[in-house]
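Could you build the full structure based on these sequences and the hints that come with them?
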Amino acid sequence: MHVTPYAKHLAAALSLVVMAGCSSTGGTQDGSMAGSEGATSGGASSQGMNSGQVGSSSMGMRDGQQDGIPQVRTIYFDYDRDTIRSEFESVMAAHAEYLRSHPNASVVLQGHTDERGTREYNLALGERRANAVQRFLMVQGVSPSQLEVVSYGEERPAVRGSSEDSYAQNRRVVFDY
Amino acid sequence: MKRYSSLWCGMLLMMIASLAHADLTIEITQGSDRATPIAVVPFAEQGAQLPTDIASVIANDLERSGQFKPLSRDNLIATPSASSEVNYRDWRAVDADYLVVGKVGTDGSIQYELMDVYGQERMLGKVINLAGPDQSRAAAHRISDEIFEAITGIRGAFSTQIAYVTAQGVGENIQYGLQVADADGYNSQQILSSDEPILSPDWSPDGQKLAYVSFETGRPAIYIQNLASSQRVRASSFEGINGAPAWSPDGRKLAMSLSKDGQPEIYVMDIGAGSFQRLTRSDAIDTEPSWAPDGQSLVFTSDRSGGPQLYRYDMASGEAKRLTFTGNYNSRGRFAPDGETLFMIHRGSQGFQVAKQDMETGRLITLTDSRADESPSVAPNGTMVIFATQQGGKGVLSAVSADGKASFRLPAAQGDVREPAWSPFLN
Numbered sequence: 001m002h003v004t005p006y007a008k009h010l011a012a013a014l015s016l017v018v019m020a021g022c023s024s025t026g027g028t029q030d031g032s033m034a035g036s037e038g039a040t041s042g043g044a045s046s047q048g049m050n051s052g053q054v055g056s057s058s059m060g061m062r063d064g065q066q067d068g069i070p071q072v073r074t075i076y077f078d079y080d081r082d083t084i085r086s087e088f089e090s091v092m093a094a095h096a097e098y099l100r101s102h103p104n105a106s107v108v109l110q111g112h113t114d115e116r117g118t119r120e121y122n123l124a125l126g127e128r129r130a131n132a133v134q135r136f137l138m139v140q141g142v143s144p145s146q147l148e149v150v151s152y153g154e155e156r157p158a159v160r161g162s163s164e165d166s167y168a169q170n171r172r173v174v175f176d177y
Numbered sequence: 001m002k003r004y005s006s007l008w009c010g011m012l013l014m015m016i017a018s019l020a021h022a023d024l025t026i027e028i029t030q031g032s033d034r035a036t037p038i039a040v041v042p043f044a045e046q047g048a049q050l051p052t053d054i055a056s057v058i059a060n061d062l063e064r065s066g067q068f069k070p071l072s073r074d075n076l077i078a079t080p081s082a083s084s085e086v087n088y089r090d091w092r093a094v095d096a097d098y099l100v101v102g103k104v105g106t107d108g109s110i111q112y113e114l115m116d117v118y119g120q121e122r123m124l125g126k127v128i129n130l131a132g133p134d135q136s137r138a139a140a141h142r143i144s145d146e147i148f149e150a151i152t153g154i155r156g157a158f159s160t161q162i163a164y165v166t167a168q169g170v171g172e173n174i175q176y177g178l179q180v181a182d183a184d185g186y187n188s189q190q191i192l193s194s195d196e197p198i199l200s201p202d203w204s205p206d207g208q209k210l211a212y213v214s215f216e217t218g219r220p221a222i223y224i225q226n227l228a229s230s231q232r233v234r235a236s237s238f239e240g241i242n243g244a245p246a247w248s249p250d251g252r253k254l255a256m257s258l259s260k261d262g263q264p265e266i267y268v269m270d271i272g273a274g275s276f277q278r279l280t281r282s283d284a285i286d287t288e289p290s291w292a293p294d295g296q297s298l299v300f301t302s303d304r305s306g307g308p309q310l311y312r313y314d315m316a317s318g319e320a321k322r323l324t325f326t327g328n329y330n331s332r333g334r335f336a337p338d339g340e341t342l343f344m345i346h347r348g349s350q351g352f353q354v355a356k357q358d359m360e361t362g363r364l365i366t367l368t369d370s371r372a373d374e375s376p377s378v379a380p381n382g383t384m385v386i387f388a389t390q391q392g393g394k395g396v397l398s399a400v401s402a403d404g405k406a407s408f409r410l411p412a413a414q415g416d417v418r419e420p421a422w423s424p425f426l427n
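Just so you know, the protein sequences line up as chains G and R, in that order. Position 65 of the first sequence, counting from 1, maps to 65 under the working numbering, and the rest follow consecutively. Position 91 of the second sequence, counting from 1, maps to 91 under the working numbering, and the rest follow consecutively.
Because the hints were derived from the structure by calculation, they are not lab data. Check each hint, because a few of them may be wrong.
Partial chain R-side listing against chain G, Cβ under 8 Å, derived [as the list claims (entries may be wrong)]: (1) Ile191; (2) Ser237; (3) Ile241.
Each residue gets a CB set at the ideal place from its N, CA and C atoms; glycine is no exception.
Written out as structure tokens, the structure reads:
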């Protein structure tokens, strides 16, 4: 983590260097809409809480899979809401099962919002969403010691933009293993 | 007496801009139709040249306030440098209400005079002795302050500063910065640089420290940093959110929002003692505290009624009373220095806009035409509100006069800029 506090009157040249060095192109972005695959089968996807459901992984058989951590790691929320949509219950169940069966595993639940509204209030909203996910997992038998909540509010959008579609991709909780 | 060609002025200003590392530029987006016309004549130089076009800085300051409309240099009918050289009829002919003239002496001192054109009298005249030529811009702002106060009766805020957050890059590679610049965007200096988000800068009442929220430890924590020394302390890093620091008017306490007890609540930290007092107890989100000017209460955002609204917490009684009833989203309240107006972000049919509410009548009006406003911060003389908004897909700073009639924008040269905080009076 690179942080540098500067004294006033010291940093004019440094600030130029920082500005020049900082026009990097984008890194990896979270928040693909993979989680919405569950929506295509409507109510059917909420049947059964076992592995092998839409969006969840099999046990470490795929390329790039790490020890069976479920592949879908982002769930999305409606505007101003922190309720978990039914289409994501199978995703949640897959993570719950993984964490229950791997008591040494832990996950950080990152809460995010879209950019509308004021930043500190959005920090609180993001936390509310991540808390909702945390509660769900605990009800499913996951130990609280495996769960941590961090909210980024609107600070780390998955996509830039001011369309409803962009907003929808940013209102999310990410499972950060 | 010397005439300044506009080409020479242009070149000088470009040089100054690069010297001053102006990361924010100014665009006047709206001038008030009631702005007072004023002629600011280029100051005559009688010795070594200063690095600053004093008259230009004064004219820009006055124009930015929204209350003055400086005549363009092409329309300056004469170029006096002292009241003894002024022919009032000339200035009535170009409809100037006021006239500013001046000269820079061989010893680097600056003399200026302010004339009332229709009253045909000299209102003000002063000499400022510079400690060095690098003080010339500050001297120009000081002259603007004095002219502004002489005409309007309101203390000028041209010698103040703004803190703000910059963000450059995309996705996981955003670089964040906390900066401080003059109120006109010049002389920006980096206070903090980080890979992780920074938000909510807030000035101490003595203008020497900034409190802010930084994610550098992986979670939002509140820091207090001394601007001159860059020394800082981590004031609050409980589990959960440590957010929205707000310095009390006496500088001894920091209000904040902490979610360590399950949901965000308002706390007040005694900075010296390091102790925390919890103020709110609700199942809702309570955040974004800000003190009333008398320090006896603070305004905060709460969604205890279903959506975010502004409430006032009275320190003596411990009671919270709802203040806003217009619309279903009002947040980030900030009092005007006289406590009679409350500025905020209001969501209406046009989107999220800076709005103000009269504390006596409860009447709310919006002040901007933009749709994605955030983070209003009031100038210490109450005349203007700086805030963050979007322009062309970028985050920019903007400012609007308290009556909504004048505005200017401060986009950054690169990247996004957001989270402005207007300093207290510094002189």
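Which numbered hints does this structure break? 2
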